[in-house]
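Please build the complete structure, drawing on both the sequences and the hints.
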Amino acid sequence: MEPINEAISIMFVGMITVFFILFLIVGIGNVIIRLSNKYLPEEVAIIKVKKSNEPSNNTYAAIAAAIDIATKGKGKVTNIKKL
Amino acid sequence: MEPINEAISIMFVGMITVFFILFLIVGIGNVIIRLSNKYLPEEVAIIKVKKSNEPSNNTYAAIAAAIDIATKGKGKVTNIKKL
Amino acid sequence: MEPINEAISIMFVGMITVFFILFLIVGIGNVIIRLSNKYLPEEVAIIKVKKSNEPSNNTYAAIAAAIDIATKGKGKVTNIKKL
Amino acid sequence: MEDILSKLYDMTALGGFSFQVALMWIIAFVLLYLGIKKGYEPLLLVPIAFGVLLANFPGGGMGIVPAENIALEGGRYKNLFEIAHEYGIMNYLYYGLIKTGFLPPIIFMGVGALTDFGPMLRNLKLAMFGAAAQIGIFSVLLVAVLLGFTLKEAASLGIIGGADGPTAIYTTIKLAPHLLGPIAIAAYSYMALVPVIIPLVANLLMTKKEFKINMRQMDKEYPPKHSIKNIKAVKIIFPIVLGCVTAIFVPSSVPLLGMLLFGNLVKEIGSATFRLADAATGAIMNTATIFLGLSVGATMTAEVFLSPKTLGIVVGGFIAFAISIAGGIVAVKIYNLFAKKKINPLVGATGLSAVPMASRVANEMALKHDSTNHILQYCMASNISGVIGSAVAAGVLISFLS
Amino acid sequence: MEDILSKLYDMTALGGFSFQVALMWIIAFVLLYLGIKKGYEPLLLVPIAFGVLLANFPGGGMGIVPAENIALEGGRYKNLFEIAHEYGIMNYLYYGLIKTGFLPPIIFMGVGALTDFGPMLRNLKLAMFGAAAQIGIFSVLLVAVLLGFTLKEAASLGIIGGADGPTAIYTTIKLAPHLLGPIAIAAYSYMALVPVIIPLVANLLMTKKEFKINMRQMDKEYPPKHSIKNIKAVKIIFPIVLGCVTAIFVPSSVPLLGMLLFGNLVKEIGSATFRLADAATGAIMNTATIFLGLSVGATMTAEVFLSPKTLGIVVGGFIAFAISIAGGIVAVKIYNLFAKKKINPLVGATGLSAVPMASRVANEMALKHDSTNHILQYCMASNISGVIGSAVAAGVLISFLS
Amino acid sequence: MEDILSKLYDMTALGGFSFQVALMWIIAFVLLYLGIKKGYEPLLLVPIAFGVLLANFPGGGMGIVPAENIALEGGRYKNLFEIAHEYGIMNYLYYGLIKTGFLPPIIFMGVGALTDFGPMLRNLKLAMFGAAAQIGIFSVLLVAVLLGFTLKEAASLGIIGGADGPTAIYTTIKLAPHLLGPIAIAAYSYMALVPVIIPLVANLLMTKKEFKINMRQMDKEYPPKHSIKNIKAVKIIFPIVLGCVTAIFVPSSVPLLGMLLFGNLVKEIGSATFRLADAATGAIMNTATIFLGLSVGATMTAEVFLSPKTLGIVVGGFIAFAISIAGGIVAVKIYNLFAKKKINPLVGATGLSAVPMASRVANEMALKHDSTNHILQYCMASNISGVIGSAVAAGVLISFLS
Ligand code: NA
Ligand code: NA
Ligand code: NA
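Protein chains in written order, with this note's numbering: chain A, 1 to 83; chain B, 1 to 83; chain C, 1 to 83; chain D, 1 to 402; chain E, 1 to 402; chain F, 1 to 402.
It should be emphasised that the hints constitute simulated quantities derived from the structure, not laboratory data. Just so you know, not all the hints are guaranteed correct.
Stretch-level coverage of chain F by chain D, calculated; a stretch enters the list once three of its residues show a Cβ under 8 Å from a Cβ in chain D [to be verified]:
{"no.": "1", "stretch": "9–18"}
{"no.": "2", "stretch": "75–81"}
{"no.": "3", "stretch": "204–217"}
{"no.": "4", "stretch": "240–251"}
{"no.": "5", "stretch": "392–401"}
Every residue gets a Cβ at the ideal spot worked out from N, C-alpha and C, and that includes glycine.
See below:
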């Protein structure tokens with residue numbers, strides 16, 4: 001086969017494949033979403049609010065912000081005890 | 001040698017070796033402990049208590065706790081200067 | 001060539017080269033400094049001083065110091081928001 | 001004395017210096033300038049540029065030797081120890097980590113662990129435009145063949161239009177490794193130039209009215225049928241199923257997409273596999289980036305780089321980018337002809353990939369025309385699907401041509 | 001047109017799909033479910049499961065090829081560059097990092113840097129039960145030989161009873177690499193099932209009175225002769241001496257135990273070598289885990305995995321675990337016959353290793369029978385010695401059979 | 001029964017034990033003591049010492065085999081897979097990462113990313129003394145040749161006087177790999193002994209008046225002509241230009257200096273390439289240090305180490321250090337004869353390199369004689385230039401002798 005003919009055929013096959021795969025992904029993605037909505041109950045993340053026996057809120061907020069910077073968002077303040 | 005005979009002999013040798021090695025470890029471990037108790041005086045870790053010229057204790061404790069979380073226990077607050 | 005003669009000639013060549021290269025480095029370094037002084041205007045690092053809407057200065061300083069320790073100097077406090 | 005001086009001269013590289021070498025140094029300095037001062041993808045361009053420099057120090061032994069040098073008779077090759085022994089550490093890195101096709105999938109694992117499929121899952125339909133925006137790849141392949149490139153070279157050239165570094169590098173390693181240097185540089189340079197190229201093409205093809213299509217407004221008028229109730233579960237299941245589907249139809253994309261999806265999976269699982277995601281995005285990815293950059297740069301010795309093909313790559317790569325963007329925009333325009341719920345064509349433009357810069361640029365353009373028109377999340381949907389699109393395209397090219 | 005369609009079909013993996021492949025996918029999904037949802041050793045099971053998936057994408061080129069494929073005449077082997085070239089990156093990883101026996105000792109270095117010999121040093125006598133709990137290894141070796149496994153295969157099967165991942169993998173690489181996949185999975189799965197298996201065996205063999213034996217009480221009644229005054233010094237000297245002693249008697253355990261003790265040493269030295277301990281437990285261990293998991297998983301192509309031997313491994317592995325636990329318990333019972341200072345047989349059960357989960361499980365069982373009966377520290381003593389015990393057992397097996 | 005006992009004995013290493021092996025153990029213990037208790041460069045000496053131990057467990061298979069074992073006919077070599085297969089993981093590490101010359105430049109990349117050229121740029125003239133302090137390298141080369149060492153061995157011995165670990169190791173790998181162990185140990189030990197050696201030589205050669213030369217005072221009396229206005233720009237441009245200049249004149253120093261300057265560049269660029277600098281100084285450098293230390297240590301099997309040459313290296317290395325320090329001091333003294341603006345000869349002593357300990361030691365000595373005489377920053381200038389000086393010297397040696 002001539003290179004140019006092969007290039008054209010690759011173009012056809014390539015674009016068809018790319019469209020087909022992304023079409024499939026859209027379809028399957030929708031199926032996953034529907035099935036998970038139906039069968040996997042939403043897991044509600046509970047954010048614990050701690051109140052007493054802790055440093056004042058201002059300090060807490062400041063430290064939380066500081067930790068967030070220090071750890072590039074990977075850490076979180078789970079508890080600050082008065083020592 | 002038949003495989004089964006070899007398996008039996010490996011079983012004997014193996015269990016004897018494992019017991020022997022762990023027996024040695026127990027013995028040698030005891031020797032190390034006794035010798036170190038005798039010849040290596042205990043190194044007492046001195047925890048420096050810093051007092052003046054520092055943020056108030058509450059803030060200090062909060063930050064220390066924060067650092068401990070932020071660094072997964074690898075860091076420690078050695079000094080906090082008032083800037 | 002005798003090994004000892006070669007050793008002597010390597011000694012000469014080596015010391016000459018080392019001096020020559022470091023001499024060049026000194027010269028070129030001076031050229032870079034002069035040219036950069038002339039053509040690359042100094043980029044003044046502006047340290048933003050934030051005032052209102054932030055934790056008190058003491059707390060700020062303490063946290064900044066803490067972060068510096070926690071991140072081994074790699075982090076810096078860019079902003080602390082009151083949450 | 002004369003003897004010593006002649007020895008001194010032999011030791012230096014003064015004899016190996018030439019006009020071509022000087023030209024390569026200038027290219028390296030320009031790349032360093034772009035990476036450091038202009039901020040063009042510095043994580044890749046700085047190591048590549050330094051690699052170019054290292055490779056063009058005559059006598060430094062840091063330039064990559066042609067593949068013929070490591071071939072033996074009988075289809076066999078020198079081993080890595082011999083390569084290091086004869087050609088030094090840079091060839092050791094190149095033939096051990098790059099020519100084996102190892103590092104691009106490894107970097108893709110890190111990319112996966114940094115990717116969030118959330119925006120795409122929330123606007124799945126928009127993923128289709130990540131397909132349309134692959135047209136630049138195949139158009140340039142066609143043109144390049146007409147201009148005399150071999151099919152394999154043309155495919156490697158075209159894949160620049162995929163706007164995805166590891167994919168471009170992986171495809172070129174498999175099809176035309178002698179063009180690796182310029183193609184890698186073109187890919188990363190044009191990715192850095194996305195803030196220039198997208199506006200150029202978009203302003204050419206889009207009307208003022210189209211710029212103002214407000215996606216959020218559309219979502220209010222025509223609300224989506226269903227929302228996702230358990231996003232965490234969907235995000236865990238999605239990469240697994242996605243991997244299986246693409247693997248069945250384009251097996252040659254498995255090394256790239258498989259690793260991407262593995263990286264994504266260990267990230268989405270959360271704390272139980274955090275150590276793995278952390279390694280994939282941290283130590284592994286950074287180390288791979290250093291070694292990839294330096295050794296890709298080191299392929300660009302003067303003899304290899306200073307050829308007319310390099311010029312073709314620079315021009316062709318730009319055209320591939322432009323056509324890909326245009327393809328995405330036109331596909332949205334055609335869609336809008338038939339649909340009531342209009343889509344902003346900028347969402348098509350980001351099908352190119354070049355995540356996440358393309359989305360940011362598109363978002364800014366939309367905001368310039370209407371300061372309430374936040375389209376970032378919609379752009380991210382086609383933007384991420386563009387990564388999958390070009391990996392699939394790469395798979396097709398590799399399976400047909402290698 | 002027809003031509004294009006036939007090319008399209010050839011490109012896909014549809015021709016390579018089969019019932020066996022589908023079965024492997026299901027196995028991979030089950031493993032992913034266990035790792036992700038059930039939390040069974042996710043750090044290893046998720047990569048292994050994903051590796052199984054990758055290996056069973058027909059045409060994906062990610063499955064490990066049999067060792068015959070890389071053997072040449074004259075006792076020589078293909079080199080890593082050739083392996084990558086012919087069989088792709090997963091075989092490059094497998095033959096470069098796994099088949100060479102490299103990664104298990106490297107992971108053991110990290111394990112060492114995470115291990116604290118403190119509890120064991122404080123209750124040295126309890127370390128003996130880490131020996132008794134190796135009986136499962138050798139019993140199953142015996143039974144497996146009777147059932148028709150070769151000696152090498154039987155030894156690899158038995159070592160599952162060591163309840164230690166890197167040791168099981170290292171031994172299998174050396175003796176029966178064709179069984180690597182199922183043995184690694186069995187080892188990690190049963191380690192994850194320790195909270196089920198230990199209670200099963202313990203409830204079968206122990207009386208209520210035995211569950212209530214209070215170790216702290218015993219320590220008060222019969223106080224230990226000497227306490228450790230300088231624990232830091234002891235912890236630094238111990239791994240060095242321990243390494244020398246085991247090396248003299250079981251040299252073949254040196255690659256495993258030597259690296260474990262090196263990791264432990266750099267950790268115990270403290271801040272002076274913190275960088276090394278940090279690398280050993282962080283970048284190195286996490287990277288090793290990813291590559292080990294993926295490529296061990298990739299050994300499980302359908303042809304290799306779907307054999308009667310796999311079933312034998314699943315059953316045999318469980319038996320090995322159970323016998324090891326029983327061995328530890330019985331050894332304590334025998335000891336208690338003769339000693340005044342009684343030991344809780346649960347301390348024997350943890351001789352199995354599976355650190356630290358076995359100790360936690362045993363502690364909880366003790367607390368259930370008597371809420372003041374904290375035995376965690378005592379269990380850790382035999383638990384850690386069980387790691388040494390199975391590494392020694394592995395050394396014996398390798399030196400006799402390889 | 002007898003059969004089992006004989007098998008047991010064969011399994012142990014008791015037959016391989018000898019007086020020589022015991023001696024090696026003692027050497028390893030001494031090195032461990034120096035590294036752990038005395039704090040002599042623990043990051044390197046602890047892994048090296050543990051490597052010595054591992055290599056001298058008879059039957060452990062962790063000792064490095066001579067290079068003859070991996071050579072085949074026709075100038076070819078066994079491949080890494082075969083090396084691992086036949087000689088175990090330590091030889092895999094050694095022949096894969098050390099003998100290829102790979103790790104020293106990689107560690108140098110990390111050293112570069114930790115180096116600050118600022119002090120040197122601010123006192124450029126002082127960099128010249130980093131040249132004078134290389135005289136120890138070449139003097140000892142000369143003496144060693146007279147004592148019967150071959151030229152290559154003598155050069156490797158001399159390079160100890162460069163007081164720079166990676167440079168010494170890299171040079172020895174290229175010229176006399178059979179001496180790698182003792183040379184690496186001598187280099188790191190004497191670097192650790194800098195607080196002893198510098199005072200020794202300085203007190204011998206310097207007068208009280210010289211100790212009291214106050215550099216800051218001198219700067220006030222004769223202020224420097226120009227200050228640096230844009231230090232960031234200079235720090236970015238400097239490593240690039242420096243790389244080019246040294247590469248032209250000493251190409252054989254490119255692998256070392258090129259990587260050093262690349263590491264420095266990505267550090268100085270700042271946040272844009274922070275990920276790379278972080279990897280270079282973290283994961284990569286720490287991992288390289290572990291593998292370098294262990295496998296360099298493992299070269300010291302009893303047969304290799306216990307030779308008269310080792311004694312020569314220990315003595316010669318010390319002399320090289322002393323002469324280098326003396327060279328730096330004398331060079332300053334000569335300079336002071338002609339210049340009005342005097343320089344403290346301690347600044348010459350630190351031309352040795354051994355960054356930054358040499359500078360700290362010199363600073364303390366100056367402060368002891370005059371508690372206001374802070375010379376640290378001045379010492380750092382020649383100290384850092386000493387690193388470049390010895391890398392250049394290494395380049396000369398390699399290009400003349402390999
Ligand atoms: Na794309
Ligand atoms: Na065990
Ligand atoms: Na030096």
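Tested hints:
1. 9–18: violated (count 0)
2. 75–81: Contact hint for the stretch 75–81 of chain F vs chain D: holds, 5 residues under 8 Å.
3. 204–217: As far as the stretch 204–217 of chain F goes, the hint is violated, because 0 residues have Cβ atoms under 8 Å from chain D.
4. 240–251: As far as the stretch 240–251 of chain F goes, the hint holds, because 8 residues have Cβ atoms under 8 Å from chain D.
5. 392–401: Our answer is that it holds, as 3 residues pass the Cβ test (under 8 Å) against chain D, meeting three.
Hints 1, 3, counting from the list given before, are not met by this structure.
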